[in-house]
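Just so you know, the sequences run in chain order A and B.
1 is the number of the first residue of the first sequence in the working numbering; add one for each residue after it.
280 is the number of the first residue of the second sequence in the working numbering; add one for each residue after it.
Treat the hints with care, as some may be off.
Below are the DSS-like pairs computed for lysine-lysine, each with C-alpha atoms no more than 30 Å apart in a straight line [unchecked claim]: (1) B:LYS319 to B:LYS415; (2) B:LYS477 to A:LYS258; (3) B:LYS530 to A:LYS221.
Hints in this document: simulated from the structure, not taken from any laboratory.
Number of protein chains: 2
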Amino acid sequence: MVVTIIGTGLIGGSMAIAFREKGMAKKLIGVEADPAHRQKALEIGLVDEMMSVEEAIPLSDLVVLAIPVNDTLELLPHLLDHVHRQVVIDVGSTKHPVCEVVAHHPRRSRFVATHPMWGTEYSGPEAAVKGAFENKAVVICSKEDSDDDAVEIAESVYRLLGMHLLYMDAAAHDLHAAYVSHISHITSFALANTVLEKEREEDAIFEMASAGFESTVRLAKSNPAMWVPIFMQNRENVLDVLNEHISQLRKFKSCLEKENYQYLQELIEHANGIRRILK
Amino acid sequence: MVVTIIGTGLIGGSMAIAFREKGMAKKLIGVEADPAHRQKALEIGLVDEMMSVEEAIPLSDLVVLAIPVNDTLELLPHLLDHVHRQVVIDVGSTKHPVCEVVAHHPRRSRFVATHPMWGTEYSGPEAAVKGAFENKAVVICSKEDSDDDAVEIAESVYRLLGMHLLYMDAAAHDLHAAYVSHISHITSFALANTVLEKEREEDAIFEMASAGFESTVRLAKSNPAMWVPIFMQNRENVLDVLNEHISQLRKFKSCLEKENYQYLQELIEHANGIRRILK
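In isolation and in its complexed conformation, chain A is listed as follows (with noise of 0.2 Å):
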């Protein structure tokens, strides 16, 4: 089949090295609003060729949405407008906000709203990288929406990634993702802020930094043109995470306050119950 991919990042980029490697796509079609990121994305090979939306379009049987959520939101009507039997599949990490944009859309069915759980803390056509998406869930919402062909092709094209597939609503999608992905952004963010702000010493962090301390923080070089807009539309899901998760290290505050450390040790304990859900 014939893939375009609007926006040759580090998501769309990497479909793009998974799709060519499996032979799934004929050609690969690039639309790229970064004049430094469409060149970069055909040299290093990414896509075949670039065009814009309107060209693509009518050549395609499969559309990728991969650009920052709130550009999806502008994108995606007009997109729909153009669309007859291909089939639209964005890859956002908000899905609610997506899906009521295009609620009444005529055209509605031949999207799929969908969220491959992988990403890293780089972004553009060279941060893609080869198996980025094997063995990774990825999330389709509220599929009864789409029509069954869609959905099929969907689900199809994820599994030939080597993901395995979860159903949702968006809505629930949109609640699990603000406490599996979008707080801990947060806190990485707000982590290397601390330590920015404290810490004027940054030798002594270069040298003495672990990789407990990497593991936490690495988050932090994600890029806020992408996680602006995902905290926009998640807004009140990811502040009822972030209220709890102040209450939480309030407590840690605590214990140390007042020197309780029996309480400490039961806080500790409880967070070990986390090895019940990460292997």
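Got chain A; can you put chain B on it based on the hints?
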């Protein structure tokens, strides 16, 4: 040389593996308070035999103390009572209290306070791994309080493990450690409790949890028996950093509440500055 390792868990066990691999120890003696760990450490060959502290010291050239930092404070003075020519190093995550507790000990100069900056969220003899310390930093504290030959032996041991050596006084170490290690553990414990508290659908977390989540939460599996004493001993520094961290998180909260996305963008851009420090 003959080396005694007191505490054959994650750190002591990994050192035993490295000493053996590098051909550094003619004989490896273990001292282990936990009967199950004692048996396991012998079974997997971490040490050649197990003894009591009193038996082991006279036979040893080097004694490595790799036990929780509260136990170190109790054991080290007693240990030094038995020491003549031997060199004793500890590997704990706090350095000021251990230096204080032996400050006036007549054998203080046979002790070298060190902190190899490596660890994982696992503990016990079976958590020990090969190649653990390679290319990591080790901090050697307040070396002017140790005999030159003792410092030289500590340095040569760590160089043999492939570590690069940093020097600072014990109080400075504890401040920096609060930033590059201790706060990461608190945020991770608190994040685990946040998710376990509010997200009742553990299956959803389990299935959706991505690498980003795992990365920020994995430290929450860490052993309270090790971490409570670290937080006790580094209480003031950890409280300072924790207060700053909560106030940084409140900035994110305020941005979301007020929908001030310009400032949210700035906070994230500032956090991206961590790229200067983490490669």
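- prompt: Which earlier hints can't be squared with this structure?
  reply: As far as the earlier hints go, not one is violated by this structure.
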